[in-house]
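Go by the hints and put chain B onto chain A.
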Amino acid sequence: METQQISLLNMMMGATAKVLAIKSPKQTTDKLHQLGIRVGVEIQLLRAAPMEGPLLVKVSGREIAIGYELCSKILVGVCN
Amino acid sequence: MKFLLIGQPNCGKSTLFNQVCGYKAETGNFTGTTVTFTESRVRLKGEVVGLVDLPGTYTLAGSNAAEQVVLEYLLSHDDYDCIIDVVDASHLGLHLGLTLELLELGRPMILALNLIDEADHMGIQIKVGELSEKLGIPVLPLIASKGRGIRDVFFAAYKVASEKPSVGRQVYRQDLEQTIAALTPSAEDLALPLNAEVVAIKLLEQDPLVTSQVMKLRPGLVEKSEELAKLLGGGSTPDTQSLINLERNTAAQAIAKQVTVLGTRKLTLRDQLDDYLLHPLWGYFFLILILYLFFQVVFQFGGLIEKPLLNLVAGLEKSIIGFINPGKLLGEVIIGLIQGISGGLAIVLPYLIPFLIGLGFLEDFGYLPRVAFLMDALMHRIGLHGTAVVPFILGFGCNVPSVMATRTLDNKNEQFIAAALATLVPCSARLAIVFGLVAFYLGPVVALVIYLLVFFVIAITGKLLSRLLPKDMPGLILEMPPYRQPSFQSVLNKAWFRIKEFLVEAWPVLIAGSIVLSLLNAYNLTRFINFLTVPMTWLLGLPTQSGVPLIFGVLRKELSLIMLGQALGSMDFKNVLSPVQMITFTVFVIFYMPCLATLVTLHKELGRKAMWNIMGITLVIATVTALLARGVAGLFY
Numbered sequence: 001m002e003t004q005q006i007s008l009l010n011m012m013m014g015a016t017a018k019v020l021a022i023k024s025p026k027q028t029t030d031k032l033h034q035l036g037i038r039v040g041v042e043i044q045l046l047r048a049a050p051m052e053g054p055l056l057v058k059v060s061g062r063e064i065a066i067g068y069e070l071c072s073k074i075l076v077g078v079c080n
Numbered sequence: 001m002k003f004l005l006i007g008q009p010n011c012g013k014s015t016l017f018n019q020v021c022g023y024k025a026e027t028g029n030f031t032g033t034t035v036t037f038t039e040s041r042v043r044l045k046g047e048v049v050g051l052v053d054l055p056g057t058y059t060l061a062g063s064n065a066a067e068q069v070v071l072e073y074l075l076s077h078d079d080y081d082c083i084i085d086v087v088d089a090s091h092l093g094l095h096l097g098l099t100l101e102l103l104e105l106g107r108p109m110i111l112a113l114n115l116i117d118e119a120d121h122m123g124i125q126i127k128v129g130e131l132s133e134k135l136g137i138p139v140l141p142l143i144a145s146k147g148r149g150i151r152d153v154f155f156a157a158y159k160v161a162s163e164k165p166s167v168g169r170q171v172y173r174q175d176l177e178q179t180i181a182a183l184t185p186s187a188e189d190l191a192l193p194l195n196a197e198v199v200a201i202k203l204l205e206q207d208p209l210v211t212s213q214v215m216k217l218r219p220g221l222v223e224k225s226e227e228l229a230k231l232l233g234g235g236s237t238p239d240t241q242s243l244i245n246l247e248r249n250t251a252a253q254a255i256a257k258q259v260t261v262l263g264t265r266k267l268t269l270r271d272q273l274d275d276y277l278l279h280p281l282w283g284y285f286f287l288i289l290i291l292y293l294f295f296q297v298v299f300q301f302g303g304l305i306e307k308p309l310l311n312l313v314a315g316l317e318k319s320i321i322g323f324i325n326p327g328k329l330l331g332e333v334i335i336g337l338i339q340g341i342s343g344g345l346a347i348v349l350p351y352l353i354p355f356l357i358g359l360g361f362l363e364d365f366g367y368l369p370r371v372a373f374l375m376d377a378l379m380h381r382i383g384l385h386g387t388a389v390v391p392f393i394l395g396f397g398c399n400v401p402s403v404m405a406t407r408t409l410d411n412k413n414e415q416f417i418a419a420a421l422a423t424l425v426p427c428s429a430r431l432a433i434v435f436g437l438v439a440f441y442l443g444p445v446v447a448l449v450i451y452l453l454v455f456f457v458i459a460i461t462g463k464l465l466s467r468l469l470p471k472d473m474p475g476l477i478l479e480m481p482p483y484r485q486p487s488f489q490s491v492l493n494k495a496w497f498r499i500k501e502f503l504v505e506a507w508p509v510l511i512a513g514s515i516v517l518s519l520l521n522a523y524n525l526t527r528f529i530n531f532l533t534v535p536m537t538w539l540l541g542l543p544t545q546s547g548v549p550l551i552f553g554v555l556r557k558e559l560s561l562i563m564l565g566q567a568l569g570s571m572d573f574k575n576v577l578s579p580v581q582m583i584t585f586t587v588f589v590i591f592y593m594p595c596l597a598t599l600v601t602l603h604k605e606l607g608r609k610a611m612w613n614i615m616g617i618t619l620v621i622a623t624v625t626a627l628l629a630r631g632v633a634g635l636f637y
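Just so you know, the protein sequences line up as chains A and B, in that order. All letters in the first sequence, in the order written, are residues 1 to 80 by the numbering used here. All letters in the second sequence, in the order written, are residues 1 to 637 by the numbering used here.
Looking at chain A on its own, in the form it has when it is part of the complex (with noise of 0.2 angstroms):
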């Protein structure tokens, strides 16, 4: 098995992968550390918003949406 390594705008709808990195500047990755988003954590990508909206995700129970541009900072890991 293969792992490649993808910004969460790549995933596909509804999947689960591995977050593998998160190159958002300090401030932002504390905020999406509060909230559960961290290396290592397992992802649901649930819905997205039309337009480069953002992207809802699903991390140990609790939904958060985050932005389109934060999304391609964020880095995770899918089987192949």
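In short, the hints are calculated from the structure, not lab data. Do not rely on the hints blindly, as some may be mistaken.
What the hints assert, rightly or not - Facing chain A, a subset of chain B residues (Cβ under 10 angstroms, in silico):
no., residue
1, H91
2, Q253
3, A256
4, P369
5, L378
6, H380
7, H385
8, G386
9, M480
As the list claims (entries may be wrong) - In silico DSS-like cross-links for lysine-lysine, where the CA-CA straight-line distance does not exceed 30 angstroms:
no., chain 1, residue 1, chain 2, residue 2
10, B, K127, A, K58
11, A, K23, B, K463
12, A, K31, B, K412
13, B, K257, A, K31
14, B, K412, A, K73
15, A, K26, B, K216
16, B, K127, B, K164
17, A, K31, B, K230
18, A, K26, B, K412
19, A, K31, B, K134
20, A, K23, B, K230
21, B, K230, A, K73
22, B, K230, A, K26
23, A, K31, B, K224
24, B, K2, B, K216
25, B, K500, B, K318
26, B, K412, A, K23
27, B, K463, A, K31
28, A, K58, B, K146
29, B, K257, A, K58
30, A, K26, B, K463
31, A, K31, A, K73
32, A, K31, B, K604
33, A, K18, B, K257
34, A, K26, B, K224
35, B, K134, A, K58
36, A, K73, B, K463
37, A, K31, B, K216
38, B, K257, B, K164
39, B, K2, B, K500
40, B, K45, B, K2
Glycine residues also receive a C-beta, built at the ideal position from the N, C-alpha and C atoms.
For chain B alone, coordinates are given in the frame of chain A:
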């Protein structure tokens, strides 16, 4: 005796506070509704106990102003006897992170396990006894919204506060523990209300608040902690804050896992509702439908009571004028007073109250974060986040609550832009002018065009302001709470809480302005004002007499139409104004300067400088767009 309520956003902390203290804290199904702390007194076993509601925060090292309030409070107060930590039982693993951080304080503490009904719906059972054993503090189940378990929580807090049992924290990984132990002795006997160990941990976390306080008291300690932090990360400067937080959160998840029994999840309404309300296409359809219905109800209701209310006030005015001599100074003051009071009544009672009640329902239900989710992409184009959409929606009712709502935005520049744009949103008073003048005389299509112009102007202004005020836009991060059934009591209380702010802050100013206006009238100073405003009225091609209505329209925008009629000597505007003048006047009134009540609120929320800036910006926008409207309208009429 004094208890502190601490918890993460959306844990139901303020709901608990309000259940106990009557309505004093603002709650909402939206992150960050409590921005500063609220203190109240409750009677418990014949004793008066102080209860402090602190803003929701994910960790003590808060990332925005509201979150920092908690640590600031703990750093400046030593007189509390028990911490009531409120957690959301349906997301126990996430909420326990803060609990473990609070345990480090070593203060008497209990855990209120709120929302157990929601956890139950999700098929989550929590072994309360085991959780209590693991944390070493009493754990009390609670359903704050329904008032269940509240007595037990407070009795437990009372017991803990009287007996003061010792509280221990979680043990972290070895190297971290060694570092803490190495630093703690030198943090003893600091003049801070925190114990030495907490100070050591916070210093290792490089918490800016604690570090700056210790810097003043014992600078050598800060240096030592920096050295130790370096060692902890193996030489480089590590992100010790993340490291320690990770420790806490891992421990929290482990505890949660051990005390939770997962059953079958009852299919929640949430997933089904979100399939529609957050749908990429239907979501917007429902958004428009919900907002349309919302405004329909508000305006229908407002219209229903506005007329009889105005008649009542007019009758009152007449009978009072019959008693006094209107020519005299006192008479004029009284007339101004009555008009000011009735002005407030006419704004608040018919539209603001139903508006705030309706909004309270949408808020407690959990719809507002969904609106933010749907609108984030659009708001981004005008330099804002989806979260800033709330002030905009509010703005259609009245700009006052909309400016108040900008306080939940973290970034100062973003708050300024949101407030400036929110004041451009045509409130119900300006709607009255658009309908009374343009729609009535020139037809609804022209009114619609004006509304489109408004949105266009807001978008352009937003773009320009966000260019001028560079800010890093970290991107939307917003928790999407589950839907919750709003309680009527809480919605009513919240509406009252917000109306009270209007009554206390803005209404008195409105009344004073109204008195000044009637004095000007009495001493025939209006001609002088009209003379002063000639450059403006000439530029816009408006009658000279429109100077006074424009100046005093700042008191109440819908008043400027009535005053214009009085000044021109006819309420039938087609005889005294050309269509081009009607359009120019309306466009100018929509944009030029927020009304006095809004200005007062801007001053309070954003400061004097921002208020003047917004006044200037809106004046420029109004002049430019009114000139543009004059030119374009000239082509058609």
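| said: Hint by hint, where does the structure go against what was stated? Just the numbers, ascending. | reply: none
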